[in-house]
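Protein chains: 4
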Amino acid sequence: MRALVYGGPGKKEWTDVPDPVIRDASDAIVGVDTTTICGTDLHILKGDVPEVTSGRILGHEAVGTVEAVGAAVTTVRPGDRVLVSCISSCGRCRYCREGRYGQCLGGGGWVLGHLIDGTQAEYVRIPFADTSLYKLPASVTDEEGVMLSDILPTSYEVGVLNGKVRPADIVAVVGAGPIGLAATMTSRLFSPRHVVAIDLADSRLEMSKHFGADETINSGREDAVERIKAMTDGFGADVVIEAVGVPETFELCTALVRPGGHVANIGVHGKPASLALDKLWAADVTITTGLVDTYSTPTLLQMVVTGQLSTKPFGTHHFALAEIEQAYTTFANAAESHALKVVLTK
Amino acid sequence: MRALVYGGPGKKEWTDVPDPVIRDASDAIVGVDTTTICGTDLHILKGDVPEVTSGRILGHEAVGTVEAVGAAVTTVRPGDRVLVSCISSCGRCRYCREGRYGQCLGGGGWVLGHLIDGTQAEYVRIPFADTSLYKLPASVTDEEGVMLSDILPTSYEVGVLNGKVRPADIVAVVGAGPIGLAATMTSRLFSPRHVVAIDLADSRLEMSKHFGADETINSGREDAVERIKAMTDGFGADVVIEAVGVPETFELCTALVRPGGHVANIGVHGKPASLALDKLWAADVTITTGLVDTYSTPTLLQMVVTGQLSTKPFGTHHFALAEIEQAYTTFANAAESHALKVVLTK
Amino acid sequence: MRALVYGGPGKKEWTDVPDPVIRDASDAIVGVDTTTICGTDLHILKGDVPEVTSGRILGHEAVGTVEAVGAAVTTVRPGDRVLVSCISSCGRCRYCREGRYGQCLGGGGWVLGHLIDGTQAEYVRIPFADTSLYKLPASVTDEEGVMLSDILPTSYEVGVLNGKVRPADIVAVVGAGPIGLAATMTSRLFSPRHVVAIDLADSRLEMSKHFGADETINSGREDAVERIKAMTDGFGADVVIEAVGVPETFELCTALVRPGGHVANIGVHGKPASLALDKLWAADVTITTGLVDTYSTPTLLQMVVTGQLSTKPFGTHHFALAEIEQAYTTFANAAESHALKVVLTK
Amino acid sequence: MRALVYGGPGKKEWTDVPDPVIRDASDAIVGVDTTTICGTDLHILKGDVPEVTSGRILGHEAVGTVEAVGAAVTTVRPGDRVLVSCISSCGRCRYCREGRYGQCLGGGGWVLGHLIDGTQAEYVRIPFADTSLYKLPASVTDEEGVMLSDILPTSYEVGVLNGKVRPADIVAVVGAGPIGLAATMTSRLFSPRHVVAIDLADSRLEMSKHFGADETINSGREDAVERIKAMTDGFGADVVIEAVGVPETFELCTALVRPGGHVANIGVHGKPASLALDKLWAADVTITTGLVDTYSTPTLLQMVVTGQLSTKPFGTHHFALAEIEQAYTTFANAAESHALKVVLTK
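Residue numbers (my numbering), protein chains in the order written: chain U, 1 to 346; chain D, 347 to 692; chain P, 693 to 1038; chain R, 1039 to 1384.
Simulated from the structure, these hints should not be mistaken for laboratory data. Fair warning: there could be bad hints in the mix.
[What the hints assert, rightly or not] Now the in silico label distances, taken between C-beta atoms and shown as ranges:
1) R:His1248 / D:Met347: 54 to 60 Å
2) D:Pro659 / R:Asp1252: 19 to 25 Å
3) R:Gly1137 / P:Ser1002: 52 to 58 Å
4) D:Pro364 / P:Thr1037: 50 to 56 Å
5) R:Asp1252 / D:Glu552: 53 to 59 Å
The structure presented is a predicted model; accordingly, all values stated were derived computationally and were not measured. Ideal Cβ placement from N, Cα and C applies to all residues, glycine included.
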């Protein structure tokens, strides 16, 4: 088959590789119908994720068709149309039994396109298929579905649910890339009073209005702390969601939150940040970090089926799977292309 | 009356001042029978708390006898023996109505010995008496009671409850001063598997064993992270409680916690700390800060009455109220005096 | 002044009575601008609430203007336009300090029009004014505001929050009177998949669609259990809210709920019901009862201000205050008049 | 092999049956080293559980040794000493993924000795071995371990955790049989003020003192409601645990609970009970039912290892496995034999 193979920092190639095969009784082989590219894939290509070694097929998001299953697989069968979750779950370890699949100790967690070959390929081997694949209802298109591999559950679980958004809250979302926009959209499920998008780029802020933001702050031009205080009688936001992953944005989040509020970090960080404990020690603040577990995937899928959530607006650019190198270029140049998610189809 | 008056950084004097009087209908005047000194008082004397101005009477802990009450006070009357809480609560504002009295917007919060005159005096004016004083049962001695003004509710609420200690947990308490020891003691209420005291001083670690620690780590001589990992199959502690207040100890806490665990900061910090988001972003960690609210005071008092908690061991040195300057010297030199709490009695 | 005075079962009169006066330092006298009638008032008139004695002024809902305040009142002053909460809170007792104002031990709870004179009058004395009145923003009309005295917080707290409605849930609301409709409306704040209204009257079911119900069941003509099972793959509803108050409807609720689901009782019951423990013992069901606490009143008010909630549709019939006896007739004959809430204005 | 085979109401026989064999890839065959008899087994023998058909091998509790495993089993292997949980978990269905294994939709839940052959035999087939067996540490004896098959997790999850026992609570446990005693013991993990055992038999009440009860009420001779009110300033108990399973005891529980308190039903009921909604509708009471999920089994096992829990006192009578019919007689006549759990060993 053909697949996108990582060749060390800065190198990738759409090339011929052997087809994946069933190795364990709980495996499935899935033919990839639709996939996409994640910001994390760009990090890997920069060499920021050293566990990814040369020769690895990238990608951890897909909608596909089951081709074959191992002897122990009982919930999907060849021909089933499935969502591939970015998180695999052994279903047996201490963390999986608590619903913390992202911390799986039994060979799962984030492994696709990371520790094992991923979804940017014609076929992919999925370990623990029974607990890592979700059958896709006919009414959900591939493109709608692939947004549930990663960005929807990540933003919902690690941002909105960890942040404990409640009715009438003021929610500030720092970062209006795909994850921040998905957090903006899914925070609306709890009827906050305002969702305030904060970013440096006016184009992304403009975009955020289509995903549920009703206030925007360009933090390059405006004092975000002052703006939020002005909206909240001087208190600060009830919930602040970090969706960038650099020290400055995290530090902004802790300045934006009200006493008693929550800061939910989603961003993937490469460096420590400064935590202003001299200001925060008495402020009753809760800060959470997290890798997505995807325990919310069935719920989110349900809401796509009923139309409570629309994932269509995320897919801004479309390519054939074989054009993946061009798709990477478009996605990597989002500042110019205004790409949110690039959709690759067989 | 006589009182301990702050005279600017480094200066304090036990001297004559006017008696306090009822100012508001919700005030009470309490005759101080027993008081004590808090680490925060030492911070004030160093000039670290600039809101405290010259002329302020220090102290926010006391057991006393009600002398007079304002027209609106209904739950205590002259002659009642009461616990003075370190936190005053207006009972009316947004935060008080959520039980977050420490964040009171109506003139309460931590005001005693801070923004208004405090308890290191023969008499003290207590605002919002109905929601800031607790009648003391006859079976609780003054000395037992005064430990509930601050250290017991602080360690229990901000450490143990925020940290969500559960049965069979491994709890690490960094800092074995009075607050750390009280956190050690009260974490036992939830039946953790081990409570591990971590400190630089062997004498304090030895002391911690009398308060419920069953493992100790001298982090000056031993690698605390390695020791905790060895106790936890490499995972880290379920709950880590910071009871010191310097960057190094907070940073140690975030290195000690397991994926999915809690870091509960109690320490009063004067500087920012570094938060290792590069390591923590995917670790499902919850970090909390907080000022005590004292919502747990009735519960803790109940447990002192029944003997479920013993606060007696905290009172290591005893003085007459008039000897308070000597008591400060003893408390400030805890490294030599081994003082935990110094008890001052009328 | 004139007021509606209860004269024993079946008797009421709009008549002259003495004006109320400040009795306690925490009292306020409020001039009633707008009031309404509750189903509970009808119960009282039937003699079902024996604590209400002859001579009592009825009513526990109002918007008004503060006329006078006691010496200890600090948060409202004469001339303030206020919402009168159906629940008074002493703010000092064990239950008030937990936010359970409905269980107040200090002279509050549901007292208005019950144990003390109420709001169906030109003036009313409100005890504990600081913790029982809410200033009304200018943008909220009297009629919008009066719906927050009782029906909105009751349905939201005792129905929706106790029932723990979550995104994508199936919520069944049994009873489409004012409380059931308010529960239907406020359950939408958590983005359930469907809200199913169940009632015996087609007219009320039709009305429920304007309050957020997207499915209706006439349980007189249809098998509600079968209908709900058909909507839920045989599981049952995630949350069932009882808003009637007779054994049959409560028993229906426990038949409608799925394993692991919640039954939240709001109905005022006069008789025991049968609890099918033979079917439910293994079903992981949670059943809650409750009197409203009104802790959510500020949040609900906020959402009326921003337009997230619209309380306008509840006011179906309008009268002058002096026409209150006619208004009772209209409200009592809701089956014919289709009255939801009758609004009485000065 | 030999096994105890159900022959219809009133009939059972220790007889020869075919050895169990691996049917599914996720199965294990376990050689039974130690088993016990549950009150539910007596219900089955009375014919109260019609799903149990003639020919079924009874029993759902055991400690044993793995003899063989299916192709998909990865966490246990032949020779491993294991605890057999009374609940099997497919690990894949909606309920298993929420930790509600008792409600498993994929072929698990309570199946052993109920819908498939059970543990009162020389060998037993365990479906979903990876998620239904727990490796037993060498320091835990068979007899200590077998108490964790059912009674410890049942009483802890369905009684103590559902009931939300907290420090300083008054806990009333109605029923001092094995489950009630286990609830008494495990409620102590949360440091309640008092645990009050309530039963009709003085001998069981006497026994309860050895399991952590510090007050006892013989409800045949004393008015339990009055006694509990006298202990609680008239409020009632914070948490009431039902551990009998008849209408009268459930109804007693709802009379014992304080406003705002919890009633946690563990009892297996054959009939509906009366729910006094006329008294409870305004009382903020939470009532829970539940089948054990066994999510707490690893935690409980950990606490047996460290000695925080001692399960030894439950095993009052000991038999060889072949003497099981005699053991049933002893267990069924607990009133005379004072048997708690009878322990059957290979």
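Given the hint of 50 to 56 Å, is the C-beta distance from D:Pro364 to P:Thr1037 inside that range or not? Hint holds: Cβ distance 54 Å, inside 50 to 56 Å.
Assessment of proposed distance window 54 to 60 Å (beta carbons of R:His1248, D:Met347): 56 Å, holds
Could you see if the CB distance from D:Pro659 to R:Asp1252 stays within 19 to 25 Å? 24 Å, holds
Status of the given 53 to 59 Å range, CB of D:Glu552 versus CB of R:Asp1252: 33 Å, violated
R:Gly1137 versus P:Ser1002 beta-carbon gap, inside 52 to 58 Å or not: 39 Å, violated
When the structure is compared with the earlier hints, violations turn up for hints 3 and 5 and for no others.
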